[in-house]
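Residue numbers (the numbering used here), protein chains in the order written: chain A, 1 to 248; chain B, 1 to 667; chain C, 1 to 223.
FYI, nobody ran anything at the bench for these hints, they're computed from the structure.
Since we're looking at a predicted model, the values are computed, not measured.
Watch out, some of these pointers could steer you wrong.
Claimed, not checked - Footprint (simulated), chain C over chain A, 3 or more residues, beta carbon under 8 Å:
| id | segment |
| --- | --- |
| 1 | 164-174 |
| 2 | 241-247 |
Claimed, not checked - With the C-beta cut set under 8 Å, the calculated list includes, among others, these residues of chain C facing chain A:
| id | residue |
| --- | --- |
| 3 | S7 |
| 4 | S8 |
| 5 | K45 |
| 6 | N186 |
| 7 | K188 |
Unchecked claim - 30 Å max Cα-Cα, derived DSSO-like pairs, lysine-lysine:
| id | chain 1 | residue 1 | chain 2 | residue 2 |
| --- | --- | --- | --- | --- |
| 8 | C | K151 | C | K132 |
| 9 | B | K523 | A | K18 |
| 10 | A | K11 | B | K533 |
| 11 | C | K132 | B | K377 |
C-beta: ideal position from N, C-alpha, C; glycine also.
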Amino acid sequence: MKLLLKIWRQKNANSKGKMVDYPISGIEGDMSFLEMLDVLNQELIEKGEDPVVFDHDCREGICGSCSLQINGEPHGPDRLITTCQLHMRKFNDGDTIVIEPFRATAFPVIKDLMIDRSAFDRIQQAGGYISVNTSGHTVDANAIPIEKDHADESFNAATCIGCGACVAACKNASAMLFTSAKVSQFALLPQGRVEATERVQNMVRQMDLEGFGNCTNTGACEVECPKGISLENIARMNREYLAATTKG
Amino acid sequence: MGTLDSKVPSGPLAEKWTKHKNDINLVNPANKRNIDIIVVGTGLAGGAAAATLAELGYNVKTFCYQDSPRRAHSIAAQGGINAAKNYQGDGDSPYRLFYDTIKGGDYRSREANVYRLAEESVNIIDQCVAQGVPFAREYGGLLDNRSFGGVLVSRTFYAKGQTGQQLLLGCYAAMNRQINRGKIKPHNRHEMLDLVLVDGKARGIIARDLVTGKIERHSAHAVVLASGGYGNVFYLSTNAMGSNVTAAWRAHRRGAFFANPCFTQIHPTCIPVSGDHQSKLTLMSESLRNDGRIWVPKKKEDAEAIRAGKLKPTQIKEEDRDYYLERRYPAFGNLVPRDVASRAAKERCDAGFGVNKTGEAVYLDFASAIQRYGEEKAYTSGIKDPDPETITKLGEEVVASKYGNLFQMYEKIVDENPYKTPMMIYPAVHYTMGGLWVDYNLQTTIPGCYSAGEANFSDHGANRLGASALMQGLADGYFVLPYTIGDYLANDIRTGPIPTDSEAFDKAEADVRARLERLLNAKGTKSVDYYHKKLGKIMWNKCGMSRNAKELKEAIEEIAALRSEFYENVRVTGSMDELNQELEKAGRVADFLELGELFAKDALQRNESCGGHFREEYQTPEGEALRDDKNFKYVSAWEYKGEPKDAVLHKEDLVFENIELKTRSYK
Amino acid sequence: MSGFASSSIARKVVMALSGLFLVLFLAQHATINLSSVISPETFNKWSHFMGYNAVVQFILQPILIAGVVVHFVMGIALEIKNNRARNIKYVKYRGGANAPWVSRNMIITGLVVLAFLGLHFYDFWVHEMAYKYIEANPEDPTRYHAETVEKFEPFWRTVIYVISFVLLSLHLWHGFASSFQTMGVNNKYSPAIRSFTRLYAIVVPLIFIFIALYHHLNPITHS
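Can you make the complete structure from the sequences, with help from the hints?
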């Protein structure tokens with residue numbers, strides 16, 4: 001199929017970017033979206049032009065590197081997948097595809113479609129862990145029975161891949177879904193309760209410092225999340241936060 | 001050839017590790033503050049090592065090419081992690097895990113290392129649970145286990161199909177705690193481009209900041225390489241796009257021996273290649289083989305009709321299907337180990353029975369599982385005389401509850417409904433057992449340079465069992481390396497900070513710049529990917545699932561020729577002083593082009609078939625692997641001498657004192 | 001507490017609490033107004049009570065005004081912060097693909113309702129204040145019904161009222177349910193809560209619309 005790609009090009013963090021048109025042909029439905037961009041890049045290199053820079057790594061939907069806003073939606077029109085799992089059969093011959101980086105003030109563009117998501121790392125560094133030494137000399141794993149439902153819910157929250165689609169989809173560029181998934185993962189486990197008060201306060205404080213917007217409960221994040229992280233996590237974080245505040 | 005000292009402690013196998021820990025030197029806490037350690041790679045091995053080293057008090061600098069340590073490719077491991085916990089009471093023990101690992105590796109790994117791994121496996125689970133890894137649980141609240149290929153007990157802990165992700169996030173959380181304390185300085189989007197030796201000791205690295213392009217010097221008292229495997233030498237593999245051998249290869253060029261490069265695991269259940277545009281391959285968990293039956297058409301004309309799109313697999317009658325694994329290996333059937341299953345698939349496809357338009361795929365069929373589960377479910381739900389539709393519906397529900405996410409992933413990629421039409425699978429490069437040679441302390445042949453996880457060669461011999469990679473990465477990182485490295489660093493407590501303005505650093509940086517400039521200045525006509533794909537084709541066709549002397553020799557020549565063409569004719573756009581993904585790739589492919597040749601050379605010298613290494617000349621009349629313990633019971637460790645063809649082979653003889661060498665049989 | 005007050009979650013909680021308070025007020029307001037259709041006497045009685053009871057006038061009314069002010073000041077502050085959180089906008093943004101229009105445009109529905117409040121205050125509250133405190137007219141417990149009905153005589157005002165209540169309905173449609181999520185309530189009762197809040201978001205504004213139309217169509221004939 002033939003397509004017209006409109007792609008955000010930006011030389012580096014300090015320069016101004018713009019949309020550039022790239023007609024492309026010979027695209028097959030079996031190609032993944034990133035393989036389609038590979039084809040474009042090979043053409044650009046042959047012409048001696050700079051290839052389009054984008055983040056990608058595992059190409060199987062788990063590392064969370066890929067981060068493209070495709071036709072106005074993070075990871076494109078399909079649901080519960082990342083950009084690397086999106087296949088070209090979802091598009092039609094003659095389509096125009098607009099490709100932009102995930103946009104948020106807290107995610108500045110590094111080059112072209114590549115963004116800096118270190119804000120997410122800093123939120124996790126602020127408290128996204130359980131303070132246990134890695135000596136291995138802890139209690140036996142089965143000494144802490146955990147209700148299966150809680151373990152499963154904790155797992156569901158923990159499947160977040162940190163791609164940033166929630167922020168990209170949110171009209172406020174809010175990072176509440178991400179942060180709440182990280183808070184919930186630990187809040188649901190007895191091991192994690194010990195530091196629950198400080199954890200939620202520190203992580204929310206860092207989230208605010210990074211300049212993300214507020215949650216207005218539009219639910220866009222949940223819809224666009226490639227891992228289907230639930231809004232329940234945001235409610236849980238709100239509860240945790242209020243409870244932490246009353247504790248002081 | 002006696003340069004390899006494995007430093008395995010003396011004494012009975014089960015006491016070696018404890019004894020060793022008691023004997024080695026320690027660094028006191030106050031002195032640890034004066035010692036810097038560089039960790040390259042932040043997957044399970046590197047992340048775990050960084051966290052523990054920082055916790056012990058060392059100053060740690062981590063390096064990863066990804067934008068966050070959490071994205072290292074350990075994250076993609078699906079199935080689980082083995083541990084000899086014996087929670088199921090099925091007779092498991094560290095010894096059994098040790099035995100299974102040695103046997104699964106076809107007797108090409110070091111006894112003492114593997115035993116230590118089995119011993120530490122139990123600690124891993126305790127540790128991970130303590131740090132909040134949400135493993136699967138039973139309704140009683142205790143941990144659940146599943147069984148995996150090639151073993152007789154249920155010892156695999158898992159978190160659905162995302163065990164690697166959960167373990168890596170646990171590791172990353174442990175790192176974050178240390179980052180927050182200031183004990184780990186993370187250098188993300190940085191790539192190590194050379195190892196710096198000062199007076200023969202590893203004292204730092206040259207790294208490139210991938211965002212700014214700046215070449216940086218980083219010094220330390222020791223360097224840990226946990227940079228993963230080199231499966232991407234095949235271009236197509238289940239590795240991440242960025243996975244590379246550069247860190248390990250640079251160390252190799254500086255004197256670290258590279259061990260068993262030809263030992264590569266080819267995983268039998270991956271989604272087949274769909275065309276030339278293919279950039280990577282996706283694994284479908286091995287657990288699918290518990291319920292799926294693997295087959296190809298019995299008649300060649302049927303296979304041809306399927307390839308031409310004239311026939312659908314569901315139209316082929318039961319008697320016209322060849323369930324070749326069940327036919328060849330009645331005892332293990334579809335559950336034979338990975339190497340055996342992969343070779344059998346290749347054999348059928350080479351014989352012309354392959355499906356998919358490329359002819360390189362076999363079917364993995366769930367129809368009989370759906371039928372079986374459906375009947376069971378109907379019975380337990382009290383439905384009498386269920387009609388076929390009800391059975392199918394119930395059966396599909398059961399299959400969905402077990403493998404739903406995998407089926408969904410398959411459908412997204414292939415656009416076929418695997419509940420209705422058999423899945424197509426084909427083997428793909430998945431894991432490399434070979435890597436940097438290390439002694440019992442995980443130290444390479446360069447003093448002060450350590451290697452952990454997939455980057456080293458140590459524990460899996462010629463074939464790795466499922467769910468053992470995660471175990472090794474974490475054991476190395478959390479529980480082994482942080483202690484053994486102390487033995488070396490105990491001599492460094494008075495050294496003080498390592499200056500980066502020394503001649504050694506000057507020279508190493510100049511080398512790095514020269515290499516990058518050479519790549520940029522070739523200004524040829526072909527892209528880096530063009531060469532990478534060509535290399536991959538040579539590797540896959542001549543160094544892949546089955547190998548022979550003639551083709552290996554051809555591969556050696558072809559790779560050497562490709563390498564010189566690459567340096568003359570590659571086109572790398574952009575410059576060194578900016579974010580330049582083409583330059584990054586070029587450096588990695590340049591190293592793969594050297595490694596590939598050594599790989600073939602290693603495969604050529606190993607005149608036997610063992611584990612993932614199958615030499616066509618060495619097989620039984622029935623086509624099974626023929627190992628040669630008399631002549632090849634050794635680790636081949638290669639010393640760099642300029643060109644790969646000049647590499648010198650050193651042999652570490654493997655001594656089996658606790659285990660009897662047997663022929664693996666799955667018939 | 002200073003950390004708490006400046007945190008995004010705390011601000012959202014303030015929005016939710018003030019919103020819930022206004023929702024409660026709305027129910028009360030609708031009930032009294034509905035009486036103007038059913039029984040002018042009841043309406044006059046209740047209105048007079050509200051207008052002259054000291055607790056209502058000097059405690060509840062300031063709280064109500066404060067609630068309104070807090071709700072809109074905070075709403076605008078959050079909107080500004082949210083706008084800053086994406087300094088470069090998308091060239092193409094398909095907000096409708098993943099979230100309903102109402103949830104994304106609370107600022108629009110909110111500002112329209114706020115503008116309406118201006119008119120509403122001018123119509124009734126300013127009038128009342130002038131009547132009671134500036135002109136210092138004597139108490140007349142029977143005047144309210146006629147005054148109210150008279151307001152709806154002009155077609156334009158009735159139209160504005162109707163439009164405003166449609167937008168209030170949209171505002172409530174998202175806001176009422178959303179306040180529970182902000183307060184941390186998201187559990188098995190949530191679907192029921194959502195149904196209730198949506199029913200409320202339709203019924204209450206409909207009552208107001210009905211009243212406005214009723215009075216417009218049934219003017220008091222001056223004899």
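For each hint, the structure was consulted:
Counting residues of the segment 164-174 of chain A whose C-beta lies closer than 8 Å to any C-beta of chain C gives 5; at least three are required, and the coverage claim holds. Coverage of the segment 241-247 of chain A by chain C holds. Counting CB-CB distances below 8 Å, 3 residues qualify, and the rule asks for three or more. For C/S7, the suggested interface contact is upheld, since its CB lies about 6 Å from the closest CB of chain A, less than 8 Å. With its C-beta approaching chain A no nearer than about 5 Å, C/S8 sits inside the 8 Å limit, and its interface hint holds.
Annotation: interface hint on C/K45 violated; nearest CB of chain A at approximately 40 Å, more than 8 Å. Annotation: interface hint on C/N186 holds; nearest CB of chain A at approximately 3 Å, less than 8 Å. At a threshold of 8 Å, the smallest CB-CB gap from C/K188 to chain A is about 11 Å, leaving the interface hint violated. Restraint check for C/K151 and C/K132: satisfied, since their Cα atoms lie roughly 18 Å apart, inside the 30 Å limit.
Simply put, B/K523 and A/K18 have alpha-carbon atoms about 28 Å apart, close enough for the 30 Å limit, and the pair holds. Distance restraint check for A/K11 and B/K533: the Cα-Cα separation of roughly 28 Å lies within the 30 Å cut-off, and the hinted pair is therefore satisfied. Restraint check: the Cα-Cα separation between C/K132 and B/K377 comes to about 78 Å, which exceeds 30 Å; the hinted pair is violated.
Consistency note: the structure conflicts with the earlier hints numbered 5, 7, 11.
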